[in-house]
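Residues per chain are reported as follows:
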Amino acid sequence: MTQIVLWGCLLGVGTFGFRIAGVSLKSKLRLSERTSLLITAASVILLLALVTTSSLIDADHFAGWARPAGVAVGGVLAWRKAPFVVVVLAAAAVAAGLRLVGVS
Amino acid sequence: MRMWRSRLVNRLGRDLTRDIALVCLADGIVGVSFGAISVAVGLPLWLPMLLSVVVFAGASQFLFVAIIAAGGSPVAAFAAGFLVNARHLPFGLAIGEVVGSGWFRRIIGSQLIIDESTAFALAEREPARRRAAFWSCGIALFFCWNIGVVAGAFGGTVITDTDAFGMDAAFPAVLLALVMPSLNDRATRFAAIVGAVIAVAVTPVLPAGLPVLMSIIALPLVLIGSTKRRRGHPATPDSATTYDASLRVDSTETGEPGQAGTP
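Chains A and B, in that order, are what the protein sequence lines are. Read in my numbering, the first sequence has 77 at position 77, and its numbers run on one by one without any break. With positions in the second sequence counted from 1, the corresponding number in my numbering is that position plus 1000.
These aren't lab readings, by the way, just hints derived from the structure by calculation. Cβ coordinates follow ideal geometry from the N, Cα and C atoms, glycine included. Accuracy of the hints is not assured; some may be wrong.
To be verified - One side only, chain B facing chain A, incomplete, derived with CB under 10 Å:
no., residue
1, Leu1012
2, Gly1013
3, Asp1015
4, Ala1040
5, Leu1043
6, Gln1061
7, Glu1126
8, Ile1147
9, Val1150
10, Phe1154
11, Gly1155
12, Asp1163
13, Met1180
14, Thr1188
15, Leu1223
16, Ile1224
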């Protein structure tokens, strides 16, 4: 248990290190407009990769159809500029509804 | 401090407040499941609470507990969570200015950098709204997430299966909705889609955490896409180096020339 607590806290320290390193670098470096835009693009790429992997994969296998279907419906709604609340609730409702009728 | 807070609320507006509240509710429910699952696999009550405060990054916390529960070593659980959380460095680089100056603000603000607060900040254009969105989302989520975890740890197995409510689809949908304006830019969209394909493709062969990071390989595609699209930008006289001025600007709101993907 001591080991678990120790490594859990180290995970917190390491994660905080990533966070504050990014923030500190940003304040120290005088980034050009172009570099700033590239870094923003990097964040967008990471976030979309996170969206895609967390939609399709659960641990190390396919997450089933309900989840990606829900996210896809939410994505289309967001693209069509539906309100944020509608996007999120529709995604959850589609996934939950599909599971209810046996699609998983 | 109080004045700063009331200014923050004024800047948020009703829509953003509602959006953030919804994300808090969803994440709170996921927090309940994290607390409940952690206790269910035999960890002490306080461990999920401790992790939620010191780590404060949901995906890595689930991974950490899952590895421990499966009999993995704490070092392996740490390593996986550490990899998963590496994305917070570029997040900090991208939105660092919202944190502000002073060591206190920098420490608290850094801890509040999570997927949701980053996405909310990126979705805002004006610096004051960006700051307001980041801080309110970060602070509100910190409390909701931790309250959810405490409730789950004590409440036991009331809601362990949040999938039944479609919560697992809500989380990606939140991030997708928030990055959507940034995807209006063709070069960014192309790179992000290629990055997402890479991440999914390497998932079967790489350990957890690495696939998402691998998506960054697609970043140079932003530059390739940009060479075709040169536009003036008021902030930079050298427009040739600006691949797209409207990276996170909704083209329909600003009346800029039309971009593909906007209905």
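To see whether the hints hold, each was checked on the structure:
Annotation: Leu1012(B) was flagged as interfacial toward chain A, and the flag is violated, the nearest CB pair being 13 Å apart, outside 10 Å. At its closest, the beta carbon of Gly1013(B) sits 13 Å from a beta carbon of chain A; the interface hint therefore is violated under the 10 Å criterion. A least Cβ separation of about 8 Å between Asp1015(B) and chain A falls short of the 10 Å threshold, and the interface hint therefore holds. Interface hint status for Ala1040(B): violated, as the beta-carbon distance to the closest one in chain A is roughly 16 Å, over 10 Å.
Below 10 Å, beta-carbon pairs count as interface contacts, and Leu1043(B) has one with chain A at about 8 Å; its hint therefore holds. Annotation: Gln1061(B) was flagged as interfacial toward chain A, and the flag holds, the nearest CB pair being 8 Å apart, inside 10 Å. The interface hint given for Glu1126(B) is violated, since its Cβ lies 15 Å from the closest Cβ of chain A, which is over the 10 Å cut-off. Because the closest C-beta pair between Ile1147(B) and chain A is about 19 Å apart, greater than 10 Å, the hint is violated.
Hint status for Val1150(B) relative to chain A: violated, with the closest Cβ pair at about 16 Å, above 10 Å. Interface hint status for Phe1154(B): violated, as the beta-carbon distance to the closest one in chain A is roughly 19 Å, over 10 Å. Below 10 Å, beta-carbon pairs count as interface contacts, and Gly1155(B) has none with chain A, the closest being about 21 Å; its hint is therefore violated. Hint on Asp1163(B) holds. Least Cβ distance to chain A is approximately 7 Å, under the 10 Å limit.
Evaluation of the Met1180(B) hint against chain A yields a held restraint, the C-beta minimum of about 5 Å falling below 10 Å. Because the beta carbon of Thr1188(B) sits about 5 Å from the nearest beta carbon in chain A, less than 10 Å, this interface hint is met. The closest approach between the C-beta of Leu1223(B) and any C-beta of chain A is roughly 8 Å, which is under the 10 Å cut-off, so the hint is satisfied. With a cut of 10 Å, the hint placing Ile1224(B) at the interface with chain A is violated, because the nearest CB-to-CB distance is about 12 Å.
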